[in-house]
Amino acid sequence: MKKIINDPATVVAESLRGLALAHADLVRVQDDPALVVRADAPVAGRVAVVSGGGSGHEPLHGGFVGPGMLDAAVPGPVFTSPTPDAVQAALSAVTGAAGALLIVKNYTGDVLNFETAAELAAAEDLDVRSVVIDDDVAVKDSTFTAGRRGVGGTVLLEKITGAAAARGDSLDAVEALARKVVGQVRSIGVALTAPTVPHAGEPSFDLSPDEIEFGIGIHGEPGRERIPAEPADALVARMVEAVVSDLPFASGDRVLLFTNSMGGTPALELYLAHGIAERLLAERGIVVERRLVGPYVTSLEMQGISLTLLKLDDELTQLWDAPVRTPALRWGI
Amino acid sequence: MGCSAEGFAAALRSAAEVIAEHRAELVDLDRAIGDADHGENLNRGFAAIVAALDAGVPQTPAAVAKLAATTLISKVGGAAGPLYGTAFLRASAKLGDAAEVDAGQLVEALRAALEGVQARGKAVGGDATMVDALIPALSAAEGAAGGSVAEVLTAAAGGADRGAESTVDLVPRKGRASYLGERAVGHLDPGARSTALLLRAFAEAAR
Chain A
83 MKKIINDPAT VVAESLRGLA LAHADLVRVQ DDPALVVRAD APVAGRVAVV
133 SGGGSGHEPL HGGFVGPGML DAAVPGPVFT SPTPDAVQAA LSAVTGAAGA
183 LLIVKNYTGD VLNFETAAEL AAAEDLDVRS VVIDDDVAVK DSTFTAGRRG
233 VGGTVLLEKI TGAAAARGDS LDAVEALARK VVGQVRSIGV ALTAPTVPHA
283 GEPSFDLSPD EIEFGIGIHG EPGRERIPAE PADALVARMV EAVVSDLPFA
333 SGDRVLLFTN SMGGTPALEL YLAHGIAERL LAERGIVVER RLVGPYVTSL
383 EMQGISLTLL KLDDELTQLW DAPVRTPALR WGI
Chain B
6 MGCSAEGFAA ALRSAAEVIA EHRAELVDLD RAIGDADHGE NLNRGFAAIV
56 AALDAGVPQT PAAVAKLAAT TLISKVGGAA GPLYGTAFLR ASAKLGDAAE
106 VDAGQLVEAL RAALEGVQAR GKAVGGDATM VDALIPALSA AEGAAGGSVA
156 EVLTAAAGGA DRGAESTVDL VPRKGRASYL GERAVGHLDP GARSTALLLR
206 AFAEAAR
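Going down the list, the protein sequences come from chains A and B. With the numbering used here applied, the first sequence corresponds to residues 83 to 415, in that order. With the numbering used here applied, the second sequence corresponds to residues 6 to 212, in that order.
Among these hints, one or two may not hold up.
To be verified - Derived pair list, reagent style EDC-like, types lysine to aspartate or glutamate, alpha-carbon separation capped at 20 Å:
| no. | chain 1 | residue 1 | chain 2 | residue 2 |
| --- | --- | --- | --- | --- |
| 1 | A | Lys222 | B | Glu187 |
| 2 | B | Lys71 | A | Asp251 |
| 3 | B | Lys127 | A | Asp251 |
| 4 | A | Lys262 | A | Asp251 |
| 5 | B | Lys127 | A | Glu197 |
| 6 | A | Lys84 | B | Asp33 |
| 7 | B | Lys71 | B | Asp107 |
Said to hold, decoys possible - Chain A residues, not near chain B, derived (Cβ > 12 Å throughout):
| no. | residue |
| --- | --- |
| 8 | Val213 |
| 9 | Ala220 |
| 10 | Arg372 |
Keep in mind that the hints were calculated from the coordinates and are not lab data. Ideal Cβ positions, reconstructed from N, Cα and C, are used throughout, including at glycine.
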């Protein structure tokens, strides 16, 4: 394993120190428990939006803390959910009378720890609501699994709820909006190589040079199936088909298309894939109104991409366009 | 003969040693079907338990179990933290304020632990999780309830070993391994394996 690290045990803390130095105008970073909090938190009189999960998905979530998006992010160890006391500490740091929305990705560990944290926060008389995102269409049969995973759609959910909170929506309204977004966002991921978790020291799965994992999550867990590598046109078509047929998205739908690098795929290939996806959606009569392209929900150095489609309406488009100023996403201000 | 708070603390210390020895094995089992963090997380949690015990051993077995629970919940994260934390918390609640725990109470504590894990994780037998180690552990412990604490724990460890082995042939239905479906068949569940390791360590310590 070759990585720019000192010690697997201090990777997250040392990285957060760098984040704080690089973006001192936007975030404050705390040690033990590790938290990333808006520099000007708590912001009085409006709903706080808090998210979190294992580290190793940067810029998710610490990179999205700032005006117009998250009030706090709770980073766990690499690929491991943070503990309830850490989540509770984040909620306490940013939640005022207007309450907080807690965004949880549907992974067993995240759900267990965040549920417990929400209970602890309620015991402190904080008004906290949780919404679980489960946008991954690779997981078909939720009766026999832990349910669909939360993947790329998380970024869109964080942006849109953050914008709603910033404009002064009530907690009821922000929560309802979050459920609406969860209901109309879908994703699929593919991996060309496995990531290497620092404390494991070797790749999370073994993949031969002519094979790819189709339907991966964001933790380097293997996908639903292993298929022979194929040209970009065929692969992206397979991905678009999986996402579009799930909701399903129909001709005339207005959508946001998010083409995400899993960390190891360069912009050259990412834009190439994005172009194909836009063409395929146009052929189906689906109107791409907004785009996000880049490494936003990563899995360490894993090569691969994910595609996320969010069905838009005027309100969602307006909230997406609203100003945002965070380390990894900023426009309008 | 019963088990005192000091005895419980000693069992947790030997469990921490066993988890440290098997850290890489558990990471590797998890790497095959999950995200390669199980050994790392448990090792972090049990090291923290030892540090807490070094600072002072609580008065009763129940208080020691509660210390283990809160430490695991606040240090482990992932799914293992809340699940093992709940197991120790429910066991603690069963032990009351007795200074010594007898074999019968230990069986009750193990039953409470299993019920707690199932309530939190929503897993049943056959899902290929730590529940598959705990169910046969409890039933073996019940069979030995008339004996000593050491005999109960030795029986439980044996049951857990057999239960853990049985996960190799199962299709996982909970946790991250569930996403693999049939592809996970042939792999030992890391949570079932760590449960078996912990009970074996407790049994050895009780001798």
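Inset, instruction - Below or equal to 20 Å on CA atoms is what counts here, so check Lys262(A) against Asp251(A). - result: 15 Å, holds
Legend entry - Proposed proximity, Glu187(B) with Lys222(A) (alpha carbon, max 20 Å): Holds - the C-alpha atoms of Glu187(B) and Lys222(A) are around 14 Å apart, at most 20 Å.
Legend entry - Restraint status (C-alpha distance of Lys127(B) to Asp251(A) at most 20 Å): Violated, at about 35 Å.
Legend entry - Given as non-interface: Arg372(A), partner chain B, CB spacing beyond 12 Å: Its Cβ never comes within 12 Å of chain B, the nearest being 29 Å, so this holds.
Inset, instruction - Quickly compare the C-alpha distance for Lys84(A) and Asp33(B) to 20 Å and report which way the hint goes. - result: OK: Lys84(A) and Asp33(B) at ~19 Å, within 20 Å.
Inset, instruction - May I ask you to check that Val213(A) keeps its beta-carbon over 12 Å from the closest beta-carbon of chain B? - result: 19 Å, holds
Inset, instruction - Compare the distance between the alpha carbons of Lys71(B) and Asp251(A) with 20 Å, and conclude whether the hinted pair is satisfied. - result: 41 Å, violated
Inset, instruction - Starting from Lys71(B), check that the Cα of Asp107(B) is at most 20 Å away, please. - result: 18 Å, holds
Inset, instruction - Verify the proposed pairing of Lys127(B) with Glu197(A), using a straight-line Cα cut of 20 Å. - result: Holds: Lys127(B) and Glu197(A) sit about 14 Å apart, inside 20 Å.
Inset, instruction - With 12 Å as the threshold, tell me whether Ala220(A) passes as away from chain B on beta-carbon distances. - result: Violated, because the least Cβ-Cβ distance between Ala220(A) and chain B comes to about 8 Å, which does not exceed 12 Å.
Consistency note: the structure conflicts with the earlier hints numbered 2, 3, 9.
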